Amino acid sequence: MDNKEATKAVDTLIPTASSSDQSVSASEKMDNKEAAEAIDALSLTASSSNTSLSASQMSVEEKFRIVRSIGEECIQEDELMNLLAKKPQPICYDGFEPSGRMHIAQGVLKALNVNKLTSAGCKVKIWIADWFAQLNNKMGGDLKKIEVVGQYLIEIWKAVGMNLEGDRVEFLWSSKEINSRAHEYWPLVMDIARRNKLPRILRCCQIMGRSEQDELTAAQIFYPCMQCADIFFLKADICQLGMDQRKVNVLAREYCDDIKRKNKPIILSHHMLPGLQEGQEKMSKSDPSSSIYMEDEEAEVNVKIKKAFCPPKVVEKNPCLEYIKYIVLPWFNEFKIERSAENGGDKTYKNFDELASDYESGSLHPADLKPALSKAINKILEPVRDHFKNDQKAKDLMKRVKSFKVTR
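For the sequence shown, UniProt numbering begins at 1 and goes up steadily by one.
No lab work stands behind these hints: they were computed from the structure. You may find that some hints are simply not true.
[What the hints assert, rightly or not] Calculated pairs, DSS-like style, for lysine-lysine (alpha carbon to alpha carbon, straight line, at most 27 angstroms):
| id | residue 1 | residue 2 |
| --- | --- | --- |
| 1 | 402 | 306 |
| 2 | 393 | 370 |
| 3 | 405 | 375 |
| 4 | 176 | 393 |
| 5 | 306 | 282 |
| 6 | 262 | 87 |
| 7 | 379 | 282 |
| 8 | 235 | 125 |
| 9 | 379 | 393 |
| 10 | 282 | 260 |
| 11 | 402 | 379 |
| 12 | 399 | 375 |
| 13 | 262 | 123 |
| 14 | 405 | 395 |
| 15 | 125 | 158 |
| 16 | 87 | 125 |
| 17 | 158 | 399 |
| 18 | 264 | 86 |
| 19 | 393 | 125 |
| 20 | 379 | 158 |
| 21 | 379 | 304 |
| 22 | 306 | 379 |
| 23 | 325 | 347 |
| 24 | 264 | 307 |
Please read all numbers here as calculations on a predicted model, not as lab measurements.
Please construct the entire structure, taking both the sequences and the accompanying hints into account.
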(Lines of atoms letter the chains of each structure in order from A and count residues from 1; the text may use other names and numbers.)
(Lines give C-alpha, C1' and ligand atoms only; values in the text may rest on other atoms or scores of the structure.)
Protein backbone atom coordinates (compact mmCIF):
# COMPACT_ATOMS: atom_id res chain seq x y z
CA MET A 1 0.00 0.00 0.00
CA ASP A 2 1.17 3.56 -0.61
CA ASN A 3 1.59 6.22 2.10
CA LYS A 4 -1.93 7.60 1.71
CA GLU A 5 -3.53 4.16 1.90
CA ALA A 6 -1.35 3.16 4.85
CA THR A 7 -2.18 6.33 6.77
CA LYS A 8 -5.89 5.84 6.10
CA ALA A 9 -5.69 2.19 7.21
CA VAL A 10 -3.92 3.09 10.44
CA ASP A 11 -6.24 6.04 11.11
CA THR A 12 -9.23 3.72 10.99
CA LEU A 13 -7.53 1.72 13.75
CA ILE A 14 -6.53 4.70 15.93
CA PRO A 15 -9.03 7.53 16.12
CA THR A 16 -7.37 10.85 16.82
CA ALA A 17 -8.30 12.68 20.00
CA SER A 18 -10.90 15.39 19.78
CA SER A 19 -9.40 18.72 18.83
CA SER A 20 -12.11 20.74 20.53
CA ASP A 21 -9.92 21.39 23.58
CA GLN A 22 -6.96 23.70 23.64
CA SER A 23 -3.60 21.89 23.54
CA VAL A 24 -1.61 22.01 26.76
CA SER A 25 2.18 22.22 27.02
CA ALA A 26 3.97 19.85 29.40
CA SER A 27 5.92 22.81 30.65
CA GLU A 28 2.81 24.54 32.06
CA LYS A 29 2.86 25.04 35.79
CA MET A 30 1.24 22.29 37.85
CA ASP A 31 0.42 22.10 41.53
CA ASN A 32 3.11 19.67 42.66
CA LYS A 33 1.59 19.16 46.09
CA GLU A 34 -1.85 18.19 44.75
CA ALA A 35 -0.34 15.93 42.09
CA ALA A 36 1.94 14.22 44.60
CA GLU A 37 -1.01 13.64 46.93
CA ALA A 38 -2.96 12.11 44.06
CA ILE A 39 -0.13 9.67 43.38
CA ASP A 40 0.33 8.81 47.07
CA ALA A 41 -3.37 7.95 47.30
CA LEU A 42 -2.80 5.11 44.84
CA SER A 43 -1.05 2.86 47.35
CA LEU A 44 -2.51 -0.63 46.98
CA THR A 45 -2.74 -0.93 50.75
CA ALA A 46 -5.42 1.75 50.76
CA SER A 47 -9.08 0.83 50.72
CA SER A 48 -10.82 1.08 47.36
CA SER A 49 -13.34 3.35 49.05
CA ASN A 50 -10.79 5.98 50.04
CA THR A 51 -11.35 9.60 49.16
CA SER A 52 -8.76 9.92 46.38
CA LEU A 53 -9.90 12.00 43.44
CA SER A 54 -11.70 10.29 40.58
CA ALA A 55 -10.30 10.89 37.10
CA SER A 56 -13.18 13.23 36.26
CA GLN A 57 -12.23 15.46 39.20
CA MET A 58 -8.53 15.63 38.34
CA SER A 59 -6.89 18.43 36.44
CA VAL A 60 -4.90 17.61 33.32
CA GLU A 61 -1.74 18.36 35.28
CA GLU A 62 -2.67 15.84 38.00
CA LYS A 63 -3.37 13.16 35.41
CA PHE A 64 -0.08 13.92 33.68
CA ARG A 65 1.87 13.66 36.93
CA ILE A 66 0.36 10.25 37.72
CA VAL A 67 0.81 8.78 34.25
CA ARG A 68 4.30 10.24 33.80
CA SER A 69 5.43 8.80 37.16
CA ILE A 70 5.23 5.31 35.66
CA GLY A 71 7.89 5.84 33.04
CA GLU A 72 11.65 5.98 33.31
CA GLU A 73 11.38 7.55 29.87
CA CYS A 74 8.55 9.28 28.00
CA ILE A 75 8.52 10.00 24.27
CA GLN A 76 7.21 12.71 24.16
CA GLU A 77 6.00 14.57 27.27
CA ASP A 78 4.24 17.36 25.40
CA GLU A 79 2.32 14.77 23.35
CA LEU A 80 1.26 13.03 26.56
CA MET A 81 0.02 16.27 28.08
CA ASN A 82 -1.96 17.11 24.95
CA LEU A 83 -3.46 13.62 24.80
CA LEU A 84 -4.67 13.83 28.41
CA ALA A 85 -6.12 17.27 27.73
CA LYS A 86 -8.05 16.16 24.66
CA LYS A 87 -9.10 12.56 25.25
CA PRO A 88 -11.14 11.59 28.36
CA GLN A 89 -10.11 7.91 28.20
CA PRO A 90 -6.76 7.33 26.45
CA ILE A 91 -5.99 3.73 25.52
CA CYS A 92 -2.82 2.24 27.01
CA TYR A 93 -1.26 -0.92 25.63
CA ASP A 94 0.76 -3.39 27.64
CA GLY A 95 1.52 -6.97 26.78
CA PHE A 96 3.32 -10.09 27.90
CA GLU A 97 4.38 -13.50 26.67
CA PRO A 98 2.96 -16.29 28.86
CA SER A 99 6.34 -17.91 29.38
CA GLY A 100 6.44 -19.37 32.89
CA ARG A 101 6.05 -18.39 36.53
CA MET A 102 5.57 -14.71 37.30
CA HIS A 103 8.29 -12.80 39.12
CA ILE A 104 7.62 -9.83 41.35
CA ALA A 105 8.53 -7.21 38.76
CA GLN A 106 5.93 -8.51 36.33
CA GLY A 107 3.37 -9.05 39.07
CA VAL A 108 3.64 -6.08 41.41
CA LEU A 109 5.02 -3.40 39.09
CA LYS A 110 2.37 -4.12 36.47
CA ALA A 111 -0.39 -3.96 39.10
CA LEU A 112 0.95 -0.63 40.40
CA ASN A 113 1.26 0.82 36.90
CA VAL A 114 -2.14 -0.36 35.72
CA ASN A 115 -3.83 1.04 38.83
CA LYS A 116 -2.14 4.41 38.30
CA LEU A 117 -3.22 4.52 34.67
CA THR A 118 -6.84 3.64 35.37
CA SER A 119 -6.98 6.13 38.26
CA ALA A 120 -6.00 8.83 35.76
CA GLY A 121 -8.85 7.86 33.44
CA CYS A 122 -7.00 5.57 31.04
CA LYS A 123 -8.26 2.28 29.65
CA VAL A 124 -5.60 -0.44 29.72
CA LYS A 125 -5.51 -3.21 27.13
CA ILE A 126 -3.29 -6.06 28.26
CA TRP A 127 -2.22 -8.13 25.27
CA ILE A 128 -1.79 -11.79 26.17
CA ALA A 129 0.72 -12.59 23.46
CA ASP A 130 0.14 -16.33 23.14
CA TRP A 131 1.02 -16.48 19.45
CA PHE A 132 4.14 -14.44 20.16
CA ALA A 133 5.18 -16.85 22.90
CA GLN A 134 4.77 -19.67 20.39
CA LEU A 135 6.85 -17.81 17.79
CA ASN A 136 9.53 -17.29 20.45
CA ASN A 137 9.49 -20.99 21.42
CA LYS A 138 8.24 -20.39 24.96
CA MET A 139 6.84 -23.51 26.62
CA GLY A 140 8.42 -25.42 23.74
CA GLY A 141 6.00 -23.70 21.38
CA ASP A 142 3.05 -25.63 22.89
CA LEU A 143 0.05 -23.30 22.57
CA LYS A 144 -2.04 -25.26 25.09
CA LYS A 145 0.64 -24.86 27.76
CA ILE A 146 1.01 -21.19 26.86
CA GLU A 147 -2.74 -20.70 27.41
CA VAL A 148 -2.51 -22.30 30.86
CA VAL A 149 0.34 -19.96 31.78
CA GLY A 150 -1.67 -16.95 30.58
CA GLN A 151 -4.63 -17.92 32.78
CA TYR A 152 -2.29 -18.39 35.75
CA LEU A 153 -0.81 -14.90 35.29
CA ILE A 154 -4.27 -13.32 35.23
CA GLU A 155 -5.11 -15.10 38.50
CA ILE A 156 -2.04 -13.53 40.11
CA TRP A 157 -2.97 -10.00 39.06
CA LYS A 158 -6.47 -10.52 40.45
CA ALA A 159 -5.03 -11.69 43.77
CA VAL A 160 -2.34 -9.03 44.16
CA GLY A 161 -4.76 -6.13 43.79
CA MET A 162 -4.88 -5.02 40.17
CA ASN A 163 -8.07 -2.99 39.88
CA LEU A 164 -10.19 -4.96 37.41
CA GLU A 165 -13.55 -3.37 38.26
CA GLY A 166 -15.69 -2.25 35.34
CA ASP A 167 -14.17 -2.16 31.87
CA ARG A 168 -11.03 -0.15 32.63
CA VAL A 169 -8.76 -3.17 32.14
CA GLU A 170 -9.21 -5.60 29.26
CA PHE A 171 -7.27 -8.83 28.76
CA LEU A 172 -7.04 -9.73 25.07
CA TRP A 173 -5.60 -12.98 23.68
CA SER A 174 -3.56 -12.26 20.56
CA SER A 175 -4.58 -15.46 18.75
CA LYS A 176 -8.29 -14.78 19.20
CA GLU A 177 -8.15 -11.07 18.35
CA ILE A 178 -5.93 -11.50 15.29
CA ASN A 179 -8.06 -14.33 13.92
CA SER A 180 -11.24 -12.29 14.36
CA ARG A 181 -9.81 -9.27 12.50
CA ALA A 182 -7.23 -10.88 10.25
CA HIS A 183 -8.25 -8.65 7.33
CA GLU A 184 -7.06 -5.62 9.33
CA TYR A 185 -4.03 -7.13 11.04
CA TRP A 186 -2.03 -8.91 8.37
CA PRO A 187 -2.00 -6.13 5.72
CA LEU A 188 -0.63 -3.83 8.44
CA VAL A 189 2.07 -6.34 9.44
CA MET A 190 3.04 -6.79 5.80
CA ASP A 191 3.26 -3.05 5.21
CA ILE A 192 5.50 -2.56 8.25
CA ALA A 193 7.71 -5.43 7.07
CA ARG A 194 7.87 -4.04 3.54
CA ARG A 195 9.00 -0.60 4.71
CA ASN A 196 11.86 -1.77 6.95
CA LYS A 197 15.23 -3.29 6.12
CA LEU A 198 16.29 -6.49 7.86
CA PRO A 199 19.04 -4.81 9.98
CA ARG A 200 16.42 -2.44 11.46
CA ILE A 201 14.20 -5.35 12.43
CA LEU A 202 17.12 -7.29 13.87
CA ARG A 203 17.89 -4.35 16.17
CA CYS A 204 14.50 -4.99 17.78
CA CYS A 205 15.40 -8.55 18.81
CA GLN A 206 15.91 -7.37 22.40
CA ILE A 207 12.11 -7.36 22.78
CA MET A 208 12.18 -11.17 22.64
CA GLY A 209 15.07 -11.52 25.07
CA ARG A 210 17.35 -12.17 22.11
CA SER A 211 20.32 -10.41 20.56
CA GLU A 212 21.25 -9.63 16.97
CA GLN A 213 23.99 -12.26 17.26
CA ASP A 214 21.59 -15.06 18.21
CA GLU A 215 20.67 -17.65 15.61
CA LEU A 216 17.08 -16.60 14.97
CA THR A 217 14.28 -18.50 13.29
CA ALA A 218 12.29 -16.86 10.49
CA ALA A 219 9.36 -16.61 12.93
CA GLN A 220 11.46 -14.60 15.39
CA ILE A 221 12.50 -12.19 12.65
CA PHE A 222 8.82 -11.62 11.84
CA TYR A 223 7.97 -11.04 15.52
CA PRO A 224 8.97 -7.31 15.71
CA CYS A 225 6.79 -6.45 12.71
CA MET A 226 3.83 -8.09 14.42
CA GLN A 227 4.46 -6.36 17.75
CA CYS A 228 4.74 -3.03 15.96
CA ALA A 229 1.39 -3.73 14.27
CA ASP A 230 -0.20 -4.58 17.65
CA ILE A 231 0.11 -0.96 18.72
CA PHE A 232 -2.09 0.26 15.88
CA PHE A 233 -4.34 -2.82 15.91
CA LEU A 234 -5.24 -2.15 19.56
CA LYS A 235 -5.83 1.58 18.89
CA ALA A 236 -3.19 2.41 21.50
CA ASP A 237 -2.48 6.03 22.39
CA ILE A 238 0.23 5.03 24.89
CA CYS A 239 2.68 2.11 24.77
CA GLN A 240 3.32 1.25 28.42
CA LEU A 241 6.04 -1.39 28.32
CA GLY A 242 9.47 -1.95 29.83
CA MET A 243 12.65 -0.26 28.67
CA ASP A 244 13.59 -3.54 26.97
CA GLN A 245 10.69 -2.99 24.53
CA ARG A 246 11.74 0.53 23.60
CA LYS A 247 13.17 -0.26 20.17
CA VAL A 248 9.98 -1.70 18.73
CA ASN A 249 7.93 1.18 20.16
CA VAL A 250 10.28 3.61 18.43
CA LEU A 251 9.80 1.54 15.26
CA ALA A 252 6.06 2.28 15.50
CA ARG A 253 6.74 6.02 15.67
CA GLU A 254 9.13 5.75 12.72
CA TYR A 255 6.41 3.92 10.79
CA CYS A 256 4.10 6.88 11.42
CA ASP A 257 6.76 9.16 9.94
CA ASP A 258 7.09 6.86 6.95
CA ILE A 259 3.38 6.93 6.16
CA LYS A 260 3.13 10.67 6.98
CA ARG A 261 0.88 10.12 9.99
CA LYS A 262 1.05 12.88 12.61
CA ASN A 263 -0.73 11.10 15.47
CA LYS A 264 2.02 8.88 16.93
CA PRO A 265 1.80 6.45 19.84
CA ILE A 266 3.38 7.85 22.99
CA ILE A 267 6.09 5.68 24.54
CA LEU A 268 6.04 5.34 28.33
CA SER A 269 8.80 2.90 29.28
CA HIS A 270 9.02 1.67 32.86
CA HIS A 271 12.19 0.74 34.73
CA MET A 272 13.50 -2.83 34.52
CA LEU A 273 14.27 -4.36 37.91
CA PRO A 274 17.62 -6.18 38.06
CA GLY A 275 18.16 -9.75 39.19
CA LEU A 276 19.06 -10.34 42.82
CA GLN A 277 22.59 -11.55 42.11
CA GLU A 278 25.57 -9.37 41.24
CA GLY A 279 25.70 -8.24 37.62
CA GLN A 280 22.21 -9.42 36.64
CA GLU A 281 20.64 -6.61 34.61
CA LYS A 282 17.17 -8.17 34.73
CA MET A 283 15.34 -11.01 36.42
CA SER A 284 15.47 -14.37 34.67
CA LYS A 285 12.77 -17.01 34.84
CA SER A 286 15.38 -19.64 34.02
CA ASP A 287 17.38 -18.70 37.16
CA PRO A 288 15.15 -19.06 40.28
CA SER A 289 17.76 -17.37 42.51
CA SER A 290 17.64 -14.19 40.41
CA SER A 291 14.06 -13.28 41.23
CA ILE A 292 11.22 -13.58 43.70
CA TYR A 293 8.16 -15.32 42.31
CA MET A 294 4.70 -14.09 43.13
CA GLU A 295 3.68 -17.29 44.91
CA ASP A 296 7.00 -17.90 46.71
CA GLU A 297 6.61 -18.98 50.32
CA GLU A 298 7.76 -16.68 53.13
CA ALA A 299 10.84 -18.80 53.84
CA GLU A 300 11.85 -18.74 50.16
CA VAL A 301 11.62 -14.96 50.06
CA ASN A 302 13.71 -14.67 53.22
CA VAL A 303 16.46 -16.90 51.82
CA LYS A 304 16.56 -15.12 48.45
CA ILE A 305 16.81 -11.67 50.05
CA LYS A 306 19.40 -12.89 52.55
CA LYS A 307 21.59 -14.15 49.67
CA ALA A 308 20.95 -11.13 47.45
CA PHE A 309 23.76 -8.83 46.34
CA CYS A 310 23.69 -5.81 48.68
CA PRO A 311 27.14 -4.23 49.17
CA PRO A 312 27.39 -1.82 52.15
CA LYS A 313 27.38 1.89 51.30
CA VAL A 314 26.74 1.19 47.58
CA VAL A 315 23.43 2.48 46.20
CA GLU A 316 23.98 2.18 42.46
CA LYS A 317 23.13 -1.21 40.93
CA ASN A 318 22.09 -2.53 44.33
CA PRO A 319 19.08 -4.81 43.69
CA CYS A 320 17.82 -4.66 47.28
CA LEU A 321 17.60 -0.87 47.14
CA GLU A 322 15.89 -1.07 43.74
CA TYR A 323 13.22 -3.36 45.21
CA ILE A 324 12.59 -0.76 47.90
CA LYS A 325 12.51 2.14 45.45
CA TYR A 326 10.27 0.58 42.81
CA ILE A 327 8.12 -1.88 44.79
CA VAL A 328 7.98 -1.28 48.54
CA LEU A 329 7.81 2.52 48.68
CA PRO A 330 5.18 2.83 45.90
CA TRP A 331 3.13 0.09 47.57
CA PHE A 332 3.19 1.23 51.21
CA ASN A 333 4.36 4.86 50.84
CA GLU A 334 6.95 4.05 53.52
CA PHE A 335 9.71 1.60 54.43
CA LYS A 336 10.16 0.56 58.05
CA ILE A 337 13.48 -0.48 59.59
CA GLU A 338 13.30 -2.32 62.92
CA ARG A 339 16.56 -2.53 64.87
CA SER A 340 17.91 -2.30 68.39
CA ALA A 341 18.53 1.08 70.02
CA GLU A 342 22.27 0.47 70.03
CA ASN A 343 22.16 0.10 66.23
CA GLY A 344 20.22 3.31 65.73
CA GLY A 345 16.69 2.29 66.70
CA ASP A 346 13.63 1.94 64.50
CA LYS A 347 13.26 4.30 61.56
CA THR A 348 10.59 4.87 58.93
CA TYR A 349 11.55 6.23 55.52
CA LYS A 350 8.97 8.12 53.48
CA ASN A 351 11.12 8.67 50.40
CA PHE A 352 13.99 6.93 48.66
CA ASP A 353 16.44 9.84 48.73
CA GLU A 354 16.55 9.82 52.54
CA LEU A 355 17.05 6.06 52.62
CA ALA A 356 19.78 6.19 49.95
CA SER A 357 21.59 8.91 51.89
CA ASP A 358 21.58 6.85 55.10
CA TYR A 359 22.68 3.73 53.27
CA GLU A 360 25.52 5.47 51.47
CA SER A 361 26.79 6.98 54.72
CA GLY A 362 26.75 3.62 56.46
CA SER A 363 24.15 4.55 59.08
CA LEU A 364 21.84 1.97 57.49
CA HIS A 365 23.47 -1.46 57.18
CA PRO A 366 22.48 -4.41 54.92
CA ALA A 367 21.96 -6.55 58.03
CA ASP A 368 19.11 -4.22 59.06
CA LEU A 369 17.82 -3.45 55.57
CA LYS A 370 17.42 -7.03 54.34
CA PRO A 371 15.06 -8.30 57.09
CA ALA A 372 12.88 -5.21 56.63
CA LEU A 373 12.78 -5.77 52.88
CA SER A 374 11.84 -9.44 53.32
CA LYS A 375 9.05 -8.48 55.72
CA ALA A 376 7.62 -5.88 53.32
CA ILE A 377 7.71 -8.18 50.30
CA ASN A 378 6.11 -11.03 52.22
CA LYS A 379 3.30 -8.70 53.26
CA ILE A 380 2.67 -7.82 49.59
CA LEU A 381 2.70 -11.47 48.51
CA GLU A 382 0.54 -12.86 51.32
CA PRO A 383 -2.82 -12.35 49.48
CA VAL A 384 -1.39 -14.14 46.44
CA ARG A 385 -0.26 -17.10 48.53
CA ASP A 386 -3.68 -17.27 50.19
CA HIS A 387 -5.44 -17.19 46.82
CA PHE A 388 -3.37 -20.04 45.41
CA LYS A 389 -3.89 -22.11 48.57
CA ASN A 390 -7.64 -21.58 48.89
CA ASP A 391 -8.90 -21.22 45.30
CA GLN A 392 -9.02 -24.60 43.56
CA LYS A 393 -8.79 -23.20 40.02
CA ALA A 394 -5.75 -21.11 40.94
CA LYS A 395 -4.16 -24.05 42.78
CA ASP A 396 -4.56 -26.33 39.75
CA LEU A 397 -3.14 -23.70 37.39
CA MET A 398 -0.06 -23.18 39.56
CA LYS A 399 0.55 -26.92 39.82
CA ARG A 400 0.44 -27.27 36.03
CA VAL A 401 2.66 -24.23 35.40
CA LYS A 402 5.27 -25.47 37.87
CA SER A 403 5.37 -28.80 36.02
CA PHE A 404 6.17 -27.11 32.69
CA LYS A 405 9.75 -26.85 31.52
CA VAL A 406 10.85 -23.27 30.84
CA THR A 407 12.28 -23.05 27.33
CA ARG A 408 14.16 -20.23 25.68
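Looking at the structure, which of the earlier hints fail to hold?
-> 2, 3, 10 and 24
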